[in-house]
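Sequence order for the protein chains is A and B. When we follow the working numbering, the leftmost residue of the first sequence carries the number 298, and every step to the right adds one. When we follow the working numbering, the leftmost residue of the second sequence carries the number 183, and every step to the right adds one.
Worth flagging that the hints you see were computed from the coordinates, not collected in a lab. Nothing here was measured: the structure is a model prediction, and the numbers come from that model. Backbone N, C-alpha and C fix where the C-beta goes; we use that ideal spot for every residue, glycine too. Keep in mind that the hints are not guaranteed to be accurate.
Cβ-to-Cβ under 8 Å is the rule here; a few derived chain B residues that face chain A [unchecked claim]:
{"#": "1", "residue": "329"}
{"#": "2", "residue": "330"}
{"#": "3", "residue": "331"}
{"#": "4", "residue": "428"}
{"#": "5", "residue": "464"}
{"#": "6", "residue": "480"}
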Amino acid sequence: MTSVRTLLEKPWIWSFVGALAVWAATIAFTGGYGAGGMVTAALSLAVFTVIVGVGQMFVITLGPGNVDLSLPANIGLASAVAMKVMGGSDSMIAVGLLAALACGAAIGAINYLLIWALRIPPIIATLSASFIIQSVDISYGRGLQIKPPPGFADFTNWQVLGIPVLAMLTVVFTIGAALALQRMIYGRSVLAIGQNIRAAWLAGVNVGRIRFLTYTLCGALGGIDGALLAGYFRGANVDIGNEYLLASIAVVVIGGTSVAGGKANVPGVWGAGLFLVLLLTMLNTFGVSAGVRLVLTGLIIVGVITAAGGEKAVR
Amino acid sequence: MLRGLLPALSLALVLIAIAWLNPRAISYFGFNLMLNLAIPIALATIAQMFVIAGNELDLSIGTFVGFVGCVTATWLRDAPLIGILVLLGSIGVYALLGALIHLRNLPSIVVTLGMSFVWQGLAILILPKPGGKAPDWLLATMSFKPPYIPFPILAALLIAVVVHFGLMRTSYGVILRGSGGNAAALRRAGWSLLRTKIVLFALTGLFGVLSGMALIGITTSADANIGNGYTLLSIAGVILGGGEFVGGRVSPVGAVIGALTLALAASPLLTFMHIPPDWQVAANGAILIIVLAARVLISRRER
């Protein structure tokens, strides 16, 4: 009984409970049909939200006002860069992935440069940057043949025993991210900055460097995500990242990370990612119209966050 | 002192650029054309300013403006009573959200993120295809041509003065801003934080409704996605106007000026600069960055 209680006190449990409930509701509707396939599909789609969600989580953990709004534009540009560098040939896959990573990291670094040099709130800095990136993408992506190499497309769709390989790799990555957050100096510094930036600075944390690394990391994850998305959906386009603006923020917060900063939660990102994808699957299975689907999605997000409750004020 | 003048300087910067590129634009007719969409943007920015004054953020204001637009172009024309009730009800929903956020201590970013889906969904249900028509009285109001001063400028002045008086010069306005500045002190002084939050959110809803109605008065018909860009525009407007995300430090006059700057920088300036369509979005971002960089330079010199 006590173990159940400690489990219920974990901030991430609610996102998994939500995902499970939505999944159960859907298979109850279909009479058990397609239960396994739905999990497979949910895992493969949730991967993309989880990757950017982890990046966004590190940024949000830096404290109030820290958020990366340039992710959709970043994902769009990186997907085009990756596909162009790969040029449809299997031998260039690694180079293309590196190019996407570099492109994303550069965007992240520029974001922080704007925040640091102009001392503007990150929301405005990343928003302005995203406008510019979007234009670069539109003029760069025009008239390009942007199909992934067959090997890369197969890799992003590869499944073993119904479990997408990409999902397994992402689980390994998120375990790494959790370790980095809780056990490494970098992660502890991010948490310290989020709790009290001045105290962290006085304690000798190199605040500027950690913030720079965090924005660069988030950008790099956006870049990789763009490349993988282009592989999975067999093609890059400008709008490929659009839904990840809201999704990346939503999974972080539904997953139990504090928007006030200083408290992060990696498992919750997975739970919330699965929850959002399964929610969409459920509403599609029920066959509701686009308007009703949006209204229900919104109400359920508000409902979940209300049920999970906010944290008690510290100050 | 200079800090308070920064928003006005930003606006002057953009106006000088326009005057230099195309002197003829600085005229009664030119301003009417260039500031066409400034009124709804200014109203949405004021709406956003109220939640920011209470240390919250509304990520749903854009889709809310779209929802109001759809109601305005359909029910408000065909069945005014239902239309008015729906719009009042939506302000009530905003008030309830404020209560919910306060009572459950929820992050407003997430709650309003969820609500943005709700408003968008409702807008699509009301108006599945672009269309509808604004009520005639609204069309007449928005195409009003006063002598000498262009209507958008007159309306912006009116909005700025009314909100400035209400929020900066009345005693309850001080309490409202105080709820963002030092909530604990207000609570100990016996003020209800639940009430301030409800009032701030209701005011956001009210100005969101006004923004949506003004928008439809100009565009004459509606579309479920018509307001989507307003969420980010309104946040940028408040910040350009000298507001801050925490601490209840906002300025209604600054917010209106910020909105005018954005409205001018968004398209008229770019058209005069002959920027190709591919790069117009980039130019928007660049202008935002330049204005903010100028602000940093000025405030550094001041120190």
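Check: Holds or violated: is the Cβ of residue 480 (chain B) closer than 8 Å to a Cβ in chain A?
Finding: Cβ of residue 480 (chain B) sits 12 Å from chain A, so the hint is violated.
Item checked: residue 464 (chain B) as chain A interface residue, shortest Cβ-Cβ below 8 Å -> Hint holds; residue 464 (chain B) Cβ to chain A Cβ min 3 Å, cut 8 Å.
Check: Holds or violated: is there a CB of chain A closer than 8 Å to the CB of residue 331 (chain B)?
Finding: violated, 31 Å
Next item on the list: Would you settle whether the hint for residue 330 (chain B) is holds or violated, based on the nearest Cβ-Cβ distance to chain A being less than 8 Å?
Entry: For residue 330 (chain B), the interface hint is violated, since the closest Cβ of chain A sits about 36 Å away, which is over 8 Å.
Check: Hint check: is the beta carbon of residue 329 (chain B) less than 8 Å from a beta carbon of chain A?
Finding: violated, 38 Å
Notebook entry, point to check: With a cut-off of 8 Å, does the beta carbon of residue 428 (chain B) approach a beta carbon of chain A closely enough for the hint to hold?
Noted result: It holds, given that the least Cβ distance between residue 428 (chain B) and chain A is near 6 Å, below 8 Å.
Hint compliance for this structure: hints 1, 2, 3, 6 are broken, all remaining hints hold.
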